[in-house]
Amino acid sequence: MTPPVATLTPEETVQKLKYYQKGTFTVGNRLVAEAERTVQASQDRSNALTCGHRACQGCGEALGARYAIDAAMRATNNNLIAVNATGCLEVFTTPYPETSWQLPWLHSLFGNAAAVATGVAAAMRVKKRPEVRVIAQGGDGGTTDIGFQCLSGMFERNDDVLYICYDNEGYMNTGVQRSSATPPTARTATTPALGPEPGNVFGTGKSVPKIAVAHNIPYVATATVADLHDLERKVIKAMSIHGARYIQINVPCPLGWGSASHDTIRLARLAVECGLYPIFEAEHGKVTQVRKIRRKVPVQDYLKLQRRFAHLFKGGIEDPRIARLQAMCDANIAEYGLVDTTGKDG
Amino acid sequence: MEHPFAITLAVGTSLINHTGSWRTLRPEYVHRLPPCNHACPAGEDIQGWLAQAESGDYEAAWRALTENNPLPAIMGRVCYHPCESACNRAVLDSAVGINSVERFLGDLAIKNGWRFNAPPAASGKKVLIVGAGPSGLSAAYHLARLGHAVTIVEAGPAPGGMMRFGIPKYRLPRDVLDAEVKRIEDLAVTIKYDAKVANIGEAMTDGGFDAAFLAVGAHIAKRAYIPAGEAAKVLDAVQVLRSMEGEDKPLLGRRVIVYGGGNTALDVARTAKRLGAEEAVIVYRRTRDKMPAHDFEVEEAIEEGVMMKWLSTIKNVEAGSITVERMALDETGFPQPTGEFETLQADSVVLALGQDVDLSLLEGVPGLEVKDGVVQVGPNMMTGVAGIFAGGDMVPSERTVTVAVGHGKKAARHIDAWLRGEIYAPAPKHEIASADKLNTWYYGEAPKTLRPILELARRTSTFEEVVKGLDESNALYEARRCLSCGNCFECDNCYGVCPDNAVIKLGPGNGFQFNLDYCKGCGICAQECPCGSIQMIPEAL
Amino acid sequence: MLKQIEGSHAMAEAIALCRPEVICAYPITPQTHIVEGLGELVKDGSLVDCEYINVESEFAALSVAIGASAAGARAYTATASQGLLFMAEAVYNASGLGLPIVMTLGNRAIGAPINIWNDHSDAMSMRDAGWLQLFAETNQEAVDLHIQAFKLAEELSMPVMVCVDGFILTHAMERIDIPTQEQVDAYLPPYDPVQVLDPAEPASIGAMVGPEAFTEVRFLAHYKQTLALKLIPEFSDEFRKAFGRESGGLLRTYRADDADMLVVAMGSVCGTIKDTIDEMRDDGIRIGLVVIVSFRPFPVDALRNALAGTKDVVVVEKSIAVGMGGQLANNVDVALRNLPRAPRLHSSVAGLGGRAITRASLHRLFRQASVQPWEGTNFLDLNERVVGREIHRTRKTRRSGPTAENILRQLAKSVPPAAE
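Listed in order, the protein sequences are those of chains X, B and A. Anchor point for the first sequence: position 242 equals 247 in our numbering, and the numbering is continuous, going up by one each time. Anchor point for the second sequence: position 50 equals 253 in our numbering, and the numbering is continuous, going up by one each time. Anchor point for the third sequence: position 202 equals 203 in our numbering, and the numbering is continuous, going up by one each time.
I should point out that these hints are in silico values taken from the structure, not numbers from a laboratory. There could be a bad hint or two in this list.
Stated by the list, open to error - Derived coverage of chain A by chain B (criterion: at least 3 residues anywhere in the stretch with Cβ under 8 Å from a Cβ of chain B; other residues may be distant): (1) 96 to 109; (2) 193 to 202.
As the list claims (entries may be wrong) - Cross-link-like lysine-lysine pairs, in silico, DSSO-like; alpha carbons within 27 Å at most: (3) X:Lys132 to A:Lys275; (4) B:Lys372 to B:Lys385; (5) X:Lys301 to B:Lys671; (6) X:Lys297 to B:Lys651; (7) B:Lys640 to X:Lys301.
Glycine included, every Cβ here is placed at the ideal spot set by N, Cα and C.
The shape of chain X in the complex, shown without the other chains (with noise of 0.2 Å):
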């Protein structure tokens, strides 16, 4: 153990007490006021979703609603109806006779939450109750497939709903078939791992946070249920804003993805930190903020945990397609600079 040996001034030994270092990144820390903690850490939040519902063991669908209902309640002081599209989060929240909803909540069909939750938010203004908000929420299926046209209406028209799409790449309700939002290479039930190119092929997909940001909307994010705080600060900020609003989190499922199901968060996190999941912010067609990779790893460090990328590794050689996984992550680093050369904690 050697201790320092140079000479410091005063002003070198004083480092400002700007870190709560032990809890920086954690749901809460005892140290911070309660105002600066997470709504996830207090005694009080809303459990908007809450216990007895069906998801699998580690569904980051569930903890990723419950994580932005929650924010969204708080934000808006519990005036908050949701709208939620056909799909894993409604079917294993309300089968008859349970609900583990405990907000106004509406499922009308697969295609059509955004469309649906512009009629709840037309009715709250015309009975003139603007504190009622709207939320509408789906999964990718039903929201960057099925969904999109009702998508696009919405955010055409500009109507006061927030839309919150829980991204985990595919129809996984179904029994895991593939979305427009299943990654390149990932074996679905529709994409199986079979053939010369096993797996989702290249040049498909769409990003539908990009294309919100193309309709110029007042405010679109991506997010994931590895960085709570984050999340939070977006789902707040964008209750704050009136106008059409989208939302993309990255949820893993265990089940779909072939993960441990206590690697939900630690999938969420190597996703972002391998650059495959840009996390950015961007309002009126202008990215505005993004999230900064803290500590990056390569995109192998994350398929690995995941048997629906398991005939990449066969008989223990890497897959060529593996570079352009890599690839496609040093893309979103550069597009949208994510690494910083300065290396200062996020």
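Given the coordinates of chain X, assemble chains B and A onto it according to the supplied hints.
Relative to chain X, chains B and A alone:
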């Protein structure tokens, strides 16, 4: 409001579905032993008092600390902090500056005049402690707190043992030492000075003591046979450092040779510089990396101009010079003479070759086993004689102040039990909270605070403390770098990351509870617990 | 107030009087003038406290209405034909959730082949979806049925489709009496939802229901429509008292008391049929008409009573279930079953894709029904030469080709069908 049949469901209806039945693994909150606690020879609950310090409640932190170790201000200056060597934070950036915070708390306690709580009702038992060094003082402190009447008999004129007569002032200012000793005395501990015990058996009987704790230390300098001329000035380190406490400082001359490679040798060399020696040279038979002295002390010494003569042994000493023979390390790392000699100018030679224990007080006491010059004791710190316990440098030991303090505490507990006719059985220790059990992602980047160091010029001319302490904001920052390995610090992570809302938050200070009706056993809580205080165990199926 | 006004605009004004709170507009011929009319009324401030939303498809239109209705607002939209099919999922959803949405259907044929003119195939496509389906005979009735529709929908918690023949009613300029706001307000109270999305009283609407309860849910919906069988005449009666005219109800008869032959039909064709009946009555033929207004719920008992004493029933309808025959005829058959001396049922399909139904053709049809009754479905004014040639062609060449294109080619070559 109506709920059309089946279409519409009322809030709370999912609670009937006890998803806990899905589990094959169950989470449990566990306590694991932090490596700092495990490493501390004094058995401090370091994590515990750091946690108190973090919230700014320094007095509570100091009291938690002194539950185990009554000398924090001293420790914060002289302890070699094995806790920091074991600290898991090194995995992230560098170990927590535990020693700095301990010193801060100790200094604050002195500044604010915090006192120990009054001891409980007297037990009626009397314990004799021989030696007012760290081991004896520690034993006295713990025994007094257990209600026993303690008398310390000290051969020297002042308390402290090696702390006063071995460690120089620039490492341990004497006012700090005095303040911490006084606080122990205020617990109704009697210290008698200039009262060397000639025979322990008699001393116990004469004084009506029910038990004794021997902590006389090792104050006899080891000597080596080196041919020396009549006028040659050869002293020993113990002698030199002891005399620094008196009125007359030792006269070492302009060029001082210190023979030996331990901390004591460095202390002597650095003291010599401060006394005005132009040259202070350490002569050591092996190389720097083999020196028993701690590396940072070597650094400080070199900064202060102490010179090092490696791979040399002293062949003989004359008035004004010495002859050294160069050594070379063989394949096994042992120094072998080369036959090459060199003459060095020297006004005095100080031998720092280790110390032996004065065992004279043990004469005539049957049953005591002495081996390799130290008294053998059992795991209960008791010698072969019932009721006579021993600790510190006079028993097999690493010979540091902290180890001595630890011995004192351990012995006190065993003495206390023995006095009541019981046996003290310490609680079984938890599994160690090794770094692999942590999820370090959650800790923010926070490099270690550096302690300010006295400018070089002042260091070599005065005995002013070389290493300064941290101010409050830095100490607080440092304390907050602790990862709380193995023990929940209420970060709310488990409460937050459970997808099933199956963790109940009991409120600040009360921790958490798993709601086993709903917990599906996914294991995210255990994985995301930063400090490794959740464990997944298989359910009985 | 009497106005000389286009049917669509009259409907728009009537709907506006019902104080809708959310209107979703997506254009499709022939309903577009209705929503355009409503849009103008909102924009010029005549219709206040109303959110008018231009949506991006019919699917979105009904979805927006679903959201608005579930949140407690009185919601309205209009569509036709292809648009109705595009929102089909939402149509079932709205009734399944029990939302009192009122929707105008500007009846139009469904493609392929694309056809913008009137028939009832669109309404028929959704007859099982759980909506009330009311057919207006005239533009006046179209106006009146909308007012009654809101009241019915909200009383039952069930959506209502008001069917109005495209172009024939929607685009006709007529003299129509538009009620006053006071009259409508007195008849139609504000929407008081049975269930609503409200932060003060949260609930989850739209659960997933499994085999253990789904049957019961459907039964309850079916039961509600049987309640409608009572409510529809009741509200029609109230309407008569409030507005001073007969309108709505389950069905009505025309010169049916002593009829040997009764025609059964829905919508605007009843006007032409009445003219034909008058002419035939002048010739001494005892023939009458039953106008069905409520197609869903289908008024089995009322119809049975109306048809019990006659010898021949001729159903004239503007739709066909390909492969089976006329849907209306099929439903009428249900009413005739179990009658001790059931009249003969003659099924005819007319006016598909907007083809004009003439009095001459109807004369021929009704006479043929009694003199030379046919088996199965009679396609009124079918150009048999064209179809004969097409059938012959396909048998010979066995080449798949669009039937419509071929027929058109034949028509261009052949003698046009007999026109009166």
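Identify every previously stated hint that the structure contradicts and give their numbers, smallest first. Hints 3, 5 contradicted; others consistent.
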